[in-house]
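K.L.:
Here's the letter readout for the chains.
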Amino acid sequence: MGFSTLLDILGSIIIGGLVLLILFRVNTSATSNLYTNTSEANVQSAMISVGSVLEEDFRKIGYCKDWTKIPDPTKAILFADTSSIKFLTDLNNDGNVDTLSYYLGPASELLNTPNPNDRLLYRVTNSDAPKSSNVGITEFKITYFDSFGNILSTPVTPPSQIQKMQIDIMVENTEPIDSTYVVAFWRQLRLTARNLQNR
Amino acid sequence: MSGRAILFLVIGFSVLLLITEKNIGVASNRAVDNMAYYYENMNVHNIAVSGANVAANQFFLDPTWTAGFNNVPFAGGSYTVTVNIINAFTNTRQICSVGHYEGFSDTVLVTLKPSSFSKFAYYSVSEGNNPTYWITGDTVWGPLHTQDKLTISGDPVFNGKVTTLTHFVTKGYSNPEFNGGYQTGVNMPLPPGGTASVKSLADNGGADFTGHDTVYVKFAGDSIKYKYSYGSSYTSVLAKTFAPNGAIFATGATLRLQGTVTGQYSIGASQITTGSGKKATKTGGDVYLDGSIVYNTDPRSNPGSTDMLGIVAQNNVLITDNNANKGDINIDASVYAETGGFGSENYDKRSLAGTINLYGGIQQNGRLPVGTFHTNGSNLYLISGFLKNYRYDDRLMIASPPGYPNTGMFEIVSWYE
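Residue numbers (this note's numbering), protein chains in the order written: chain E, 1 to 199; chain R, 200 to 616.
If you are wondering where the hints come from, they were derived from the structure by calculation, not from laboratory data.
Being a predicted model, the structure only gives us computed values, none of them experimental.
A few of these clues could be false.
To be verified - 30 Å max Cα-Cα, derived DSS-like pairs, lysine-lysine:
{"#": "1", "chain 1": "E", "residue 1": "K69", "chain 2": "R", "residue 2": "K481"}
{"#": "2", "chain 1": "E", "residue 1": "K164", "chain 2": "R", "residue 2": "K426"}
{"#": "3", "chain 1": "R", "residue 1": "K426", "chain 2": "R", "residue 2": "K370"}
{"#": "4", "chain 1": "R", "residue 1": "K312", "chain 2": "E", "residue 2": "K69"}
{"#": "5", "chain 1": "R", "residue 1": "K525", "chain 2": "R", "residue 2": "K587"}
{"#": "6", "chain 1": "R", "residue 1": "K548", "chain 2": "R", "residue 2": "K417"}
{"#": "7", "chain 1": "R", "residue 1": "K348", "chain 2": "E", "residue 2": "K164"}
{"#": "8", "chain 1": "E", "residue 1": "K131", "chain 2": "E", "residue 2": "K164"}
{"#": "9", "chain 1": "R", "residue 1": "K481", "chain 2": "E", "residue 2": "K86"}
{"#": "10", "chain 1": "E", "residue 1": "K164", "chain 2": "R", "residue 2": "K370"}
{"#": "11", "chain 1": "E", "residue 1": "K65", "chain 2": "R", "residue 2": "K312"}
What the hints assert, rightly or not - Computed footprint of chain E on chain R, listed as stretches where at least three residues anywhere in the stretch have a Cβ under 8 Å from a Cβ of chain E:
{"#": "12", "region": "210-224"}
{"#": "13", "region": "229-236"}
{"#": "14", "region": "396-409"}
{"#": "15", "region": "428-442"}
{"#": "16", "region": "589-601"}
C-beta atoms are modelled at their ideal positions from N, C-alpha and C, and glycine is treated no differently.
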């Protein structure tokens with residue numbers, strides 16, 4: 001084994017080492033991207049699920065298959081605050097009036113998750129126990145407007161003034177990636193529950 | 200040897216990276232799929248809602264419209280609309296709009312029923328050339344509509360939905376509360392011949408007084424008493440056999456009314472014209488309230504009460520200037536005055552009476568005064584006639600007295616999406 005052979009081995013070790021370092025770096029970056037993309041997809045998926053349920057429920061404010069049971073739909077909203085609302089609807093489209101309410105729980109309920117801001121959004125049907133799951137909601141805000149488009153102060157009194165709503169939801173992942181949280185924001189501009197304007 | 204190891208390492212890492220890249224691609228695709236799914240659902244929903252809106256508009260232009268639409272291209276998709284009569288007796292109809300987009304479909308159901316004037320707590324064609332202002336302290340508890348502009352001075356409160364053909368004007372600093380919403384540009388004229396529906400019902404299963412100048416009717420629980428002159432005595436009949444369908448009418452007569460109502464009735468009077476040209480004489484068409492007319496079972500204390508009354512006049516409905524009405528008068532009814540209004544007889548000459556406690560609604564061509572008053576600062580002093588205490592009967596949102604005049608239009612009572 002001559003000097004040139006030794007040089008070849010040394011060179012190949014150095015080049016191989018560099019290639020290895022590059023591969024490790026690429027691998028780390030790819031893994032990080034995978035986590036970020038997956039988190040974004042999960043947060044977005046949670047956002048769409050929450051948004052779809054809210055849209056479905058809020059569109060039916062004041063609706064009842066047997067309309068005589070909610071003869072004056074302007075009275076269908078029973079309580080309206082910034083992050084909570086209670087209204088009459090017909091959830092199963094069976095002609096029976098249901099009471100549905102949404103409210104945001106305190107951040108202190110989810111101290112076991114790394115995200116300090118995530119909270120539970122509760123959905124309560126009639127007198128059933130509140131239901132929720134942690135999908136990483138950090139903001140649930142409703143803005144109410146009267147028939148002239150003026151913002152109503154909350155809690156809205158009387159709620160019959162409400163003609164339109166704006167719903168804001170922010171969802172973050174519960175576990176950070178590199179100390180940052182993936183954020184998705186959904187805003188329903190001027191949701192009009194059509195039944196509020198009946199009659 | 201080491202070169203081969205490096206080669207294996209490179210190949211190994213390449214495989215790992217390929218798998219990772221594939222997963223990144225899957226995650227990205229999921230995000231796009233989510234967005235596309237949400238967008239497609241939203242779009243098909245909007246198409247279905249648009250179809251329902253187009254159909255509802257068509258329906259309001261022509262209440263007899265039942266043709267529907269078939270596969271109308273819209274926003275990259277299409278909608279199909281059918282109109283069904285879901286209750287022939289009540290003429291309740293339903294618009295079914297189905298939207299289609301990229302393999303998705305969504306349905307919107309809109310239920311409509313004929314609209315009765317009785318649903319209004321207050322309706323007027325005209326608020327007058329010198330309009331009566333809605334002022335601080337005025338509270339309307341149910342739906343209000345005027346074909347005129349609403350004139351406001353101060354802070355009246357409208358707890359029901361307010362609709363106007365034109366707009367509302369304010370005087371000075373005014374801050375009206377529209378707690379049930381406000382909508383402008385709603386055209387709902389008072390059709391001529393509105394009393395005909397009560398007369399028609401009275402002629403077919405009810406009671407129609409004809410050939411008398413004046414008819415005195417007194418509701419007395421299960422009985423109805425009537426006579427044709429002040430000095431004569433009443434004839435008493437069982438209400439259910441006298442007017443089985445609840446419609447009582449006085450054609451070409453002045454109707455004088457009072458009593459206690461049990462059951463659902465509409466009672467009205469129309470005007471007839473005899474002779475022609477300059478010799479033409481018009482008689483009848485006014486309803487006078489000779490005393491209180493109230494429900495036997497008060498719905499305010501007993502929500503299960505089925506007592507309901509509609510008073511329908513071709514001209515005016517007036518509170519008689521008589522001894523019985525020297526104090527308060529209680530009126531439980533929905534009042535309809537086609538060419539006139541609701542007021543009090545000799546409002547500016549009669550003595551100071553009391554308060555009109557009206558539980559129901561008023562639909563009239565124009566507002567009539569019920570008294571005169573003067574103000575001193577914020578205090579109001581009655582000089583003659585009555586003060587007003589009107590309260591809406593919420594039951595009129597879903598029910599109306601038999602044969603009560605219809606607006607000739609439909610109203611949306613339920614919107615399912």
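K.L.:
Okay, the region 229-236 of chain R and chain E, do three or more residues pass the C-beta test at under 8 Å?
P.N.:
That given contact holds, which follows from 5 residues of the region 229-236 of chain R lying within Cβ reach (below 8 Å) of chain E.
K.L.:
Could you grab the alpha-carbon distance between K65 (chain E) and K312 (chain R) and see if it respects the 30 Å cut-off?
P.N.:
holds (14 Å)
K.L.:
K164 (chain E) and K426 (chain R) were given as a pair; does the straight-line alpha-carbon distance stay at or below 30 Å?
P.N.:
violated (55 Å)
K.L.:
When you check the alpha-carbon spacing of K548 (chain R) and K417 (chain R), does it fall within 30 Å?
P.N.:
Holds. K548 (chain R) to K417 (chain R) sits at ~27 Å (cutoff 30 Å).
K.L.:
Count the residues of the region 428-442 of chain R whose Cβ falls closer than 8 Å to any Cβ of chain E, and tell me whether that reaches three.
P.N.:
As far as the region 428-442 of chain R goes, the hint is violated, because 0 residues have Cβ atoms under 8 Å from chain E.
K.L.:
Holds or violated: the region 589-601 of chain R covered by chain E, criterion of 3 or more residues with Cβ-Cβ distance under 8 Å?
P.N.:
holds (count 3)
K.L.:
Is the Cα-Cα distance between K348 (chain R) and K164 (chain E) 30 Å or less?
P.N.:
holds (25 Å)
K.L.:
Is K164 (chain E) close enough to K370 (chain R), meaning Cα to Cα at most 30 Å?
P.N.:
holds (28 Å)
K.L.:
Please verify the coverage claim for the region 396-409 of chain R: does it have three or more residues whose C-beta sits within 8 Å of some C-beta in chain E?
P.N.:
violated (count 0)
K.L.:
For the pair supplied as a hint, K312 (chain R) and K69 (chain E), is the alpha-carbon distance within the 30 Å limit?
P.N.:
holds (15 Å)
K.L.:
Can you confirm whether the C-alpha distance between K69 (chain E) and K481 (chain R) stays at or below 30 Å?
P.N.:
violated (45 Å)
K.L.:
If you draw a straight line from the CA of K481 (chain R) to the CA of K86 (chain E), is it 30 Å or shorter?
P.N.:
violated (57 Å)
Checked against the numbered hints listed earlier, the structure breaks hints 1, 2, 3, 9, 14, 15; every other hint is satisfied.
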